[in-house]
Amino acid sequence: MASIKNLKKDINYVLGDVIEYALDVSILKNASEKGDAIIDEAIKIFDNLISKINESKVENKKAHFKSIHQELEDEAKGLVEKINKL
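To convert, take the position in the sequence shown, counting from 1, and add 5; that gives our numbering.
Be a bit skeptical, because a hint or two may be false.
[As the list claims (entries may be wrong)] Here are the simulated lysine-lysine pairs, DSBU-like style, with alpha carbons at most 35 Å apart:
1. Lys-87 to Lys-49
2. Lys-67 to Lys-49
3. Lys-34 to Lys-13
4. Lys-34 to Lys-87
5. Lys-14 to Lys-66
6. Lys-67 to Lys-34
7. Lys-13 to Lys-71
8. Lys-49 to Lys-71
9. Lys-87 to Lys-14
10. Lys-82 to Lys-71
11. Lys-13 to Lys-90
12. Lys-10 to Lys-87
13. Lys-10 to Lys-71
14. Lys-57 to Lys-67
15. Lys-49 to Lys-82
16. Lys-82 to Lys-39
17. Lys-14 to Lys-49
18. Lys-87 to Lys-57
Everything labelled a hint here was simulated from the structure, so no lab data went into it. Just so we're clear, the structure is a prediction, and the values are computed from it rather than from any experiment.
All chains, please: the whole structure from these sequences, using the hints.
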C-alpha cells in the first residue's frame, strides 16, 4: 500500500464509479427505487471504510490497511453484481 491518501482516493473512485453505474442502469431500466437502495448501500460502505482508515489504535497498520483494501474490492464486486441483476 503506497499511502493512506491513495487508499482514500481508491475508495472514492471505486465507489463513485459504482454509484455512477447504478444511476445509469437504474435510469435505463426504470428501476429508480432499487438503484437508490444500492446507492445508499454504497454510501454506507464508503462511510464505514473511511472510519476504519481513521482508526488510531491499530497494532499492525500494514495488515489493517490491506484488509480495508480487500474489503473495498469485495464490497464493490457485490454492489456491481446487485446492479447487474436490476
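Now for the hints, and whether the structure bears them out:
no.: 1; hint: Lys-87 to Lys-49; result: holds, 15 Å
no.: 2; hint: Lys-67 to Lys-49; result: holds, 24 Å
no.: 3; hint: Lys-34 to Lys-13; result: holds, 31 Å
no.: 4; hint: Lys-34 to Lys-87; result: holds, 14 Å
no.: 5; hint: Lys-14 to Lys-66; result: holds, 18 Å
no.: 6; hint: Lys-67 to Lys-34; result: violated, 42 Å
no.: 7; hint: Lys-13 to Lys-71; result: holds, 12 Å
no.: 8; hint: Lys-49 to Lys-71; result: holds, 20 Å
no.: 9; hint: Lys-87 to Lys-14; result: holds, 23 Å
no.: 10; hint: Lys-82 to Lys-71; result: holds, 17 Å
no.: 11; hint: Lys-13 to Lys-90; result: holds, 28 Å
no.: 12; hint: Lys-10 to Lys-87; result: holds, 29 Å
no.: 13; hint: Lys-10 to Lys-71; result: holds, 14 Å
no.: 14; hint: Lys-57 to Lys-67; result: holds, 13 Å
no.: 15; hint: Lys-49 to Lys-82; result: holds, 15 Å
no.: 16; hint: Lys-82 to Lys-39; result: holds, 17 Å
no.: 17; hint: Lys-14 to Lys-49; result: holds, 17 Å
no.: 18; hint: Lys-87 to Lys-57; result: holds, 24 Å
Checked against the numbered hints listed earlier, the structure breaks hint 6 alone; every other hint is satisfied.
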